[in-house]
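Student: Spelled out, the chains give:
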Amino acid sequence: MSEKKTKRRDFLFTATTAVGAVGAAAVVWPMIDQMNPDASVKALASTEVDVSSLTPGNTLTVLWRGKPVFIRRRTQEEIDEARSVKMEDLIHPEKDEDRAKNPEWLVMLGVCTHLGCVPLNDKGDYNGWFCPCHGSHYDTSGRIRKGPAPWNMEVPKYEFVNANTIKIG
Amino acid sequence: MSDHDYRPKSKVGQWFNDRLPLLTLANHLTDYPTPKNLNYWWTFGGILTFCLITQIVTGLTLAMHYIAHADMAFESVEHIMRDVNYGWLIRYIHANGASMFFLAVYIHIFRSLFYGSYKSPREIIWILGIIIYLLMMAAAFMGYVLPWGQMSFWGATVITNLFSAIPLVGEGIVTWLWGGYSVDNPTLTRFFTLHYLIPFLILGLVVLHIWALHVPGNNNPVGIDIKKPSKDTVPFHPYIVIKDGFALLMFMIVFAFFVFYAPNILGHADNYIEANPMVTPAHIVPEWYLLPFYAILRSVPDKLLGVVAMLSAILILAVLPWLDTSKIRSAVFRPLYKQFYWILVADVLILGYVGAMPAEGLYLLIARVATAYYFLHFLVILPVLGFKEKTLPVPLSITEPVLGGSPNLAAARNKESKIE
Amino acid sequence: MKNLFKLFSIIILIIASNSYSFAAEKVEYLKTDWSFKGLFGKFDRASLQRGYQVYTEVCASCHSMKYLSYRNLAEPGGPEFSEAQAKAIAASFEVTDGPNSDGEMFTRPGKLSDKFVMPYDNVKAAQAANGGAYPPDMSVLVKARGGGVDYIYSLLQGYEEAPSNVSLDDGVYYNKYMYGNKIRMAAPLSDGLVEYGDGTSATLEQMSKDVTTFLMWSAEPHLEARHQMGFKAIVYLIILTVLVYFSMKKIWSRVESEV
Chain A
729 MSEKKTKRRD
739 FLFTATTAVG
749 AVGAAAVVWP
759 MIDQMNPDAS
769 VKALASTEVD
779 VSSLTPGNTL
789 TVLWRGKPVF
799 IRRRTQEEID
809 EARSVKMEDL
819 IHPEKDEDRA
829 KNPEWLVMLG
839 VCTHLGCVPL
849 NDKGDYNGWF
859 CPCHGSHYDT
869 SGRIRKGPAP
879 WNMEVPKYEF
889 VNANTIKIG
Chain B
7 MSDHDYRPKS
17 KVGQWFNDRL
27 PLLTLANHLT
37 DYPTPKNLNY
47 WWTFGGILTF
57 CLITQIVTGL
67 TLAMHYIAHA
77 DMAFESVEHI
87 MRDVNYGWLI
97 RYIHANGASM
107 FFLAVYIHIF
117 RSLFYGSYKS
127 PREIIWILGI
137 IIYLLMMAAA
147 FMGYVLPWGQ
157 MSFWGATVIT
167 NLFSAIPLVG
177 EGIVTWLWGG
187 YSVDNPTLTR
197 FFTLHYLIPF
207 LILGLVVLHI
217 WALHVPGNNN
227 PVGIDIKKPS
237 KDTVPFHPYI
247 VIKDGFALLM
257 FMIVFAFFVF
267 YAPNILGHAD
277 NYIEANPMVT
287 PAHIVPEWYL
297 LPFYAILRSV
307 PDKLLGVVAM
317 LSAILILAVL
327 PWLDTSKIRS
337 AVFRPLYKQF
347 YWILVADVLI
357 LGYVGAMPAE
367 GLYLLIARVA
377 TAYYFLHFLV
387 ILPVLGFKEK
397 TLPVPLSITE
407 PVLGGSPNLA
417 AARNKESKIE
Chain C
645 MKNLFKLFSI
655 IILIIASNSY
665 SFAAEKVEYL
675 KTDWSFKGLF
685 GKFDRASLQR
695 GYQVYTEVCA
705 SCHSMKYLSY
715 RNLAEPGGPE
725 FSEAQAKAIA
735 ASFEVTDGPN
745 SDGEMFTRPG
755 KLSDKFVMPY
765 DNVKAAQAAN
775 GGAYPPDMSV
785 LVKARGGGVD
795 YIYSLLQGYE
805 EAPSNVSLDD
815 GVYYNKYMYG
825 NKIRMAAPLS
835 DGLVEYGDGT
845 SATLEQMSKD
855 VTTFLMWSAE
865 PHLEARHQMG
875 FKAIVYLIIL
885 TVLVYFSMKK
895 IWSRVESEV
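From first to last, the protein sequence lines are chains A, B and C.
Using the working numbering, read the first sequence as starting at 729 and increasing by one per residue.
Using the working numbering, read the second sequence as starting at 7 and increasing by one per residue.
Using the working numbering, read the third sequence as starting at 645 and increasing by one per residue.
Hints were generated in silico from the structure; no laboratory data involved.
Honestly, I wouldn't trust all of these hints.
Below are the EDC-like pairs computed for lysine to aspartate or glutamate, each with C-alpha atoms no more than 16 Å apart in a straight line [claimed, not checked]: (1) K770(A) / D758(C); (2) K770(A) / E805(C); (3) K710(C) / E84(B); (4) K759(C) / D37(B); (5) K710(C) / D37(B); (6) K893(C) / D850(A); (7) K820(C) / E805(C); (8) K894(C) / D766(A); (9) K237(B) / D77(B).
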C-alpha cells in the first residue's frame, strides 16, 4: 500500500517537473531567436549591380549583406595565370573554371577568410589580393596562396540578369 | 541561526564553501523556517520576483532593437512589432508586465497593511519596500516615454513640469531634466539610460528586502511571533516553493490572457500616434497604476501644494510603522481596524477611478473627499485607533489553540525568541 | 483564496471600465462580424486582399503606410498574395533610390523589400495638399483610435448632411462618428467606387469592412500567430497548474495544515 503511494507520488512529481521544464525551454527560445536576422534584414538578401562601365583589369566593390563584394573584370593574362596553376600548389584546391564560370568575370566576397579583413586589390606576391591585417596572399582567382588564411575567398551565389547586370544573392 | 552550522557533505563542496559560503546561503534559503499558516496573500513576494526578472529579461532583449532617438524611437518600436523574431511577443510581455508588476505590488502592499507586516521588528523591510515602489514608479514612467507616442511625450511633459512647482529653482530644474527647452531628444536618451539602470537598483534593493526579512522571519496571518524552527514552521523548500509556484501559475494565466488576447487594453490608443509637440491629446491620463496619485495631485487647486500632497501620499507610507500605535499586528484581531482597512481600500480604488475621469464637477468633489480621507486614515485614524480599539484575544502559537490574551504576553514571547 | 479572486476581478473590472470610458465617446458604433476577434480569430484572406485594393486605389492617394513593406503582402497571416503577385505589386510602384555613382537620385521599379511608397514627401507637403490637415499615416491607425476597428468602420459610413444648427467651413464635412463631428476628409468611399476582381459587389458597407480588416492587419500583422500561441500557452499553463496543484496537495499532506 505504502509502496504504491510512493510510486504515484514520484510519478506526479516527475511529470510536474518535466512539464515545467518543457515550458521553461519554450520560453527561452524567443529570447534567443530575437537575435537572429529579422524579417527586414532577410528581405535584403539580393542586390543587382550594373557592370556596364567596368573595363578589363578593373575591380568594382559593392556592398552586399553588409560585406564588400569584389567584381573583377579580368584581363586575358590574369585568366591564363589563374588557369595554369597546378592543384598541388594550392592550399585550398579549387579550379578557376569552378570559381569563374564566365572567365572574364570574377565575383567573390571581399573578405579575408582568416579573420574577416578586406584584402587590397592588385597587391601581393600572386598579382591578386593581399590582406594587410596578417599578410595573406591571394592569386588572380582569389585563391589563398600564402599566409594564415585557410580558404579561398568565397564566391557568392550570383547570376547575370542580362549582359550588363549581375544579381548577387 | 542553525544554518550557520551547515557543512557540505563532499570535500569539494567544503573546500568551496570555506572560501565562498554560497552553499551555506543556498541551504539557508531552502531550509528557511516559514510559518506554516501563510495564506495566498503571501505568495505575491515570489510573484513580484518573477515580475522583476521578466521585466529585466524582456527589457534587455528589447534594448537590443530599440533606438533611443526622437526621430527613430517610434519607428524602432514598430520594427520590433513587425520584423524582429518574436518581437511582438517580447514587447507585449514587457508592456503588460509593467501592469502585472504593479497589480502584484499593490496586493503585496495591501497584504502588509492588513496583517501589520510593517510593524516592529520589520520596519526596515517595509521602508525598503516603499523605496522599491518609488523606483518602480520612476522606471514605469520613463519606460512609458520610450515608444515616443503622444502619451509618452505629453506624459513626460506633464510629469517633469511637476518640478516647476518648486519655488525659485523649479524652472531651472525642469530645464535641467529636459536638457533643453522642452521634452526632446536629450530627454529621451537620458530617460532610456535611467530606465535601463533602475531595474538593477531595484534588484539590489530586493536582495536587501529579503535579507532584512530573513532576520526576524515572515510575519503570518495570526501576526504573532513564533519560534523558529518549530511545529509552527515548515522549511521553505518544498512547502512554500510549491505553493508560491501554484499561485504564480494562476497569476501567469491572467498575465497570458492580457498578452495574447488584450495586449493594448491597459494602454492608451493615443500612444500609437507618434509624438507631436504641436498637439496635446484630448485627455491626458497616466497608466492605471498611477491614477490614485494623479487624482490626489489634481484635487488640490494649488500647483505647489498639489505636488506636495501627491508626494506626501506616498512618503507617508514610509513612517507608517510609527503612525500605527497598535501593539497587535494582524487585522484579524482588530475588529475596528479591519473596517477602516476596507474603507481605505475602497478609498484608493475611488481615487483611481476619479483619476481617470476629467477633473471637473462631481469627480473633482469626490477626488477631494477621497484625498482628505486618505490622509485622515494615516494621520488621525491609525494613531488614535491604537489607543482606543478593543482588540480580540491573540493565540500564543499557530498550532496550539491557546489564547494568550494580552499584547504584553506576545511582547514577552517576542523578547524570548530574540534571546534565542 | 476566494477573496483573492474577488479582488482580482474587481481590479480588472475597474481597469476595463476605465479604458472603455475613453473608447466609447457616447456614440454607438456600427457593428459587424469581425473574423479576427475571439480566441481563434483569423483574418479573412479574401477580405484582406480586397481591403488592400481599396487602400491602394482610394486611400493611398493621401494616406501613407510607412511601416509596411511590399514583402508583407506575401507573408503568412496577412493577405497572403503569392510571391509573384506581391513582386508585381511592388514593381508597379516607382521607388526613389540612390544616390548612384554619379551622386544622383534615380527611380526604379519597387522591390519586395521596399517600404510602401508615400503619397507625399513629408508632412508639410501633405498638409499643403490637403488644406492644412495632415492625413494620418495608416500603418497603426486602428490601434491609435479609441474605438479601434468599429470606429474606423463606422466613420467610413458616417457621412451625413450636417444638421441645420451646424455650420461647416469650406472643405469640412459632417460625420456623425467623428470626434466633434467635423472632418476634413470628404467621404472617401461610395457604392461601386472600385471593381473587385473576385466578383464581390463593392457596396459602401463591403468596402468599409474590407479596408478596415486590412488596416487591422497592418496594425497587428502577427495577430494570427498571437492568437494561436496564446491558446497553446494558456492550455499549457492550465495543465501545469493542475499538476502543481496536486503536487502541492501531496507535499502539504505531510504536515497537518490546510492549504
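Student: Output the numbers, in ascending order, of every earlier hint that fails for this structure.
Tutor: 2, 4, 5, 6, 8 and 9
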